[in-house]
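One-letter residues, chain by chain:
Number of protein chains: 2
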Amino acid sequence: MLTDIEIAQKATMRHINEIAATLGVSSDELEHYGKYKAKLPLSLIDLSQVAENKLILVTAVTPTPAGEGKTTISVGLTDGLNYIGKRATAVLREPSLGPVFGMKGGAAGGGYSQVVPMEDINLHFTGDFSAIEKANNLLSAAIDNNLQSKTRNLGLDPRTIVWKRVMDMNDRALRHVVVGLGGTTHGIPREEGFNITPASEIMAILCMATDLEDLKKRLGNIYIGNTFRGEPIFARDLHIVGAMAILLKDAIQPNLVQTLEGNPAILHGGPFASIAQGTNSIIATRMGLSLSDYVVTEAGFGADLGAEKFFDIKCAASGLKPDGVVMVVTIRALRHHGGALKEDYGKPSIDLVKKGLVNLEKHLQNMRLFGMNTVVAINYFPGDSDEEIELVKELSANYNTPAIVARGFAQGGKGMAELAYAVADMVENRPSHFHTLYTNNLSVQEKIETIATKIYGANGVTYAAKAQQQLKQLVKLGFEHFPVCMAKTPKSFSDNEHKIGRPTDFTIHVREFEWASGAGFVIPILGDIMRMPGLPSVPAAEGMDISNDGIITGLS
Amino acid sequence: MLTDIEIAQKATMRHINEIAATLGVSSDELEHYGKYKAKLPLSLIDLSQVAENKLILVTAVTPTPAGEGKTTISVGLTDGLNYIGKRATAVLREPSLGPVFGMKGGAAGGGYSQVVPMEDINLHFTGDFSAIEKANNLLSAAIDNNLQSKTRNLGLDPRTIVWKRVMDMNDRALRHVVVGLGGTTHGIPREEGFNITPASEIMAILCMATDLEDLKKRLGNIYIGNTFRGEPIFARDLHIVGAMAILLKDAIQPNLVQTLEGNPAILHGGPFASIAQGTNSIIATRMGLSLSDYVVTEAGFGADLGAEKFFDIKCAASGLKPDGVVMVVTIRALRHHGGALKEDYGKPSIDLVKKGLVNLEKHLQNMRLFGMNTVVAINYFPGDSDEEIELVKELSANYNTPAIVARGFAQGGKGMAELAYAVADMVENRPSHFHTLYTNNLSVQEKIETIATKIYGANGVTYAAKAQQQLKQLVKLGFEHFPVCMAKTPKSFSDNEHKIGRPTDFTIHVREFEWASGAGFVIPILGDIMRMPGLPSVPAAEGMDISNDGIITGLS
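In order, the protein sequences belong to chains A and B.
Residue numbers for the first sequence follow the numbering used here, beginning at 1 and rising by one.
Residue numbers for the second sequence follow the numbering used here, beginning at 1001 and rising by one.
Since the hints were derived computationally from the structure, they do not count as laboratory data.
Any given hint might turn out to be false.
Stated by the list, open to error - Only some residues are given here: those of chain B computed to face chain A with a beta carbon under 10 Å:
| hint | residue |
| --- | --- |
| 1 | Gly1034 |
| 2 | Ala1173 |
| 3 | Lys1454 |
Idealized CB from N, CA, C, for every residue including glycine.
Here chain A stands alone, though its shape is the one from the complex (with noise of 0.2 Å):
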């Protein structure tokens, strides 16, 4: 069995000019970076194909740890859609650097379904998590600066302040410290943190920008923090946007490159999943409908984080349509929301299975509460037998739904091919009708409420004093018209990791709010989020190498 990346290093990549060129898009029209990785200009984009062409999201059930393998889903079908004789792109996010070194893993996709060059795609790529590191380090320079300043002080509290400078490493010894120190000539004294890139609201921005100008009008509506008199302080009043802006310039391009079988994937952004919408930007998803007939795309955790956040907040904001809806489950996810232990995820139990079916059929309604048809996929692992396969069917079958075996980690696109018959069924011959769940101008607890009882099947939300607080704050801030973005576990459908399955009985509770101004939602925190990883006890990075002829090993 070959790793990762030896399965990515012995692919024979063709020319980006030649993936371009099955987009109709010319060798003039890219900015190359190196042979295998372009960027493609906005002008490309023509709304009247994004409403024309198919646009498929990939989600998933409730994820053991793991994770139940969307990206390497969404890729192999992908491959699968072009096996078959349509013309499908993958739009996927970009991979941060900082995990690379951590934990092993990492990649986009896996198996024989990824994306290449996989080494760049894992490193810096094409640079846009490092201008957008810059971008928000900026802003954070310029605060400090004004703190600093005799002449020009705006009178910002540092004590309300809570934009954080950001870097792209797993580096836990940053999470909490005091910058400014040293004296007065160094700035003043205030507890600052640091988080990884992809927490950056600038992240979470770029990814729901339209354009250059769009950009810039998010970018200076950030929340930075308050005077000592109380008045809300934000991005704009530091006359920088315009600087911010300059840096991603670039940035704001989505990058093209391929799949092992020689597909096109468009790969941008990597906003967080917890905090922000995780799923790629509106700009890439556009991009990929103005060049292919069809798309897929994913979005960060199971459906009732993932695919929720994809309807409400960025298809509700972008106007896109979504045709139909991949939702991806492993047996070893059903074994485990039937109550399996973590040793035995690998062991068929067709009682575990039927048990934990619960979780995939409440996901199954959910898309219907969006207007949404649905295909299962079924990834496969060696073990899973052919008795709890067909209790999936079984179970899929009420819903009008089918539910294919998916073989692309072992097979590439012809392991998907059935898959992607399902799909392209669904999409051209089942249309969707598709709607959000909510409309903005309901307050933010009625939102909250909608999600938590339709959705995650909770009783009700009850919110914490600060909570309560913080819901006049945003009141008075005016973004009562924000769509919700749930920072809760994607462990279960409720807020508490260990209920599995499909909870009844509970109610959420939301501890505090944060808004992400600039980005467009407010953020209902309902658990501890992590937002800056550290590094394991034996890193990832300490198994890796290269050779004086530029060999990587040990990365995967």
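Here the structure of chain A is known, so what remains is to put chain B in place on it, guided by the hints.
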């Protein structure tokens, strides 16, 4: 009068494939970064060509704060050499991004002697600085992760750690910070600081390395601090040298761009001229000499620092043999060294220039100490009088040195033709007898004394108590065989920035030592060194904007 960015934006650039073709490099051999930037693979280096072709160092008299225009002269001379029919390439440093948003200025060259695309070069360029930043900060994260480790702890004493994080941003609030706060799961609290990225030893290392193997060896030799038992800890002890090298795999390749006149320019690396060697990479210089008959290169600060380090550190380590020196002088600098006040730099004064010539004379004499011939380039400013220029010519003639008025800023290559003829004559017809000033088997004190007495004209060297202590430590660490990289004010031959002209009867005082054991030098610190600039009261960033079509304004 057009600004630099207006001149640059008006330029019609040639496709980088055409520039490469003039160097005999095919499009297939390039790694493209858009249409006007490309990376050159190390396989193009040909050491027999390196030995045969002509290497010209552009250095300068002791500068005024605005600088005397070495980069402008280097670019202009390259255009001038091509103008008179020679095949010449400029090989220069990459600018740092941070200062672009602080004080105005940056760029590479000025007026009609610039390298382009100017905006990209001043922003993210090809990601080299970002890669260096990541490699630096991965080492930092590994250090803090080791401090936190229960099972693999090296016993590093946090109070001895000299390795700092870096960020390419003018951000004074990061100079002195405390990291690792927040409790047991967030690391060990300790004092820390951020330097700007070009001050990273990784930058110095990248510019000293000859290939990936050499890079890895140097990365492993980075000194971090001591254990509680007093044993030194190096980067290799953390087992992440391979991962750091992976992050640098693209950054190690030099970048090809072009001058405004479409001649080749290779930009690579940008180590500080204060605490490091202040010149582009050995790899880039070798690359230029492999592909071009003439290479024009430069080194930061005046010749007492830039040229001395170029010869004794870069050439000594790499075996590069320079063929001639261009000494840049401005009439205003000579007025300054004659005693002019800043507000009178622009006023002609035969008396002050006469007095100030002692500075130029000492620099010309110093070049003889390395066996080098010289040509003086008078970087012309409106208001320079014929009589003043004549004085420079007379003085230079005493040293068998033509002094030529250089008008590249206003006229491009045509205005540099006369200088180009003189330089071509020097390197073709007046063989250099290059040798270093000292050999590395001398003691560190002997090396410092040699530089101080011969180059600076000092009577001797004194050492602070701390420096004396550290001299013992560096002998114990086995660093005595390294060359020394003087950290002295560039504003005077002495270590007192107020001593203009050619100071006499002074000693220099070494306050303390640092060492860059990966880059391979010992750094005697003679004054305060700025390693992290701040933003000014009105940052240049505030005047910048970008239109929806991507047109940048306010960047200079």
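Hints the structure violates: just list their numbers, smallest first.
3
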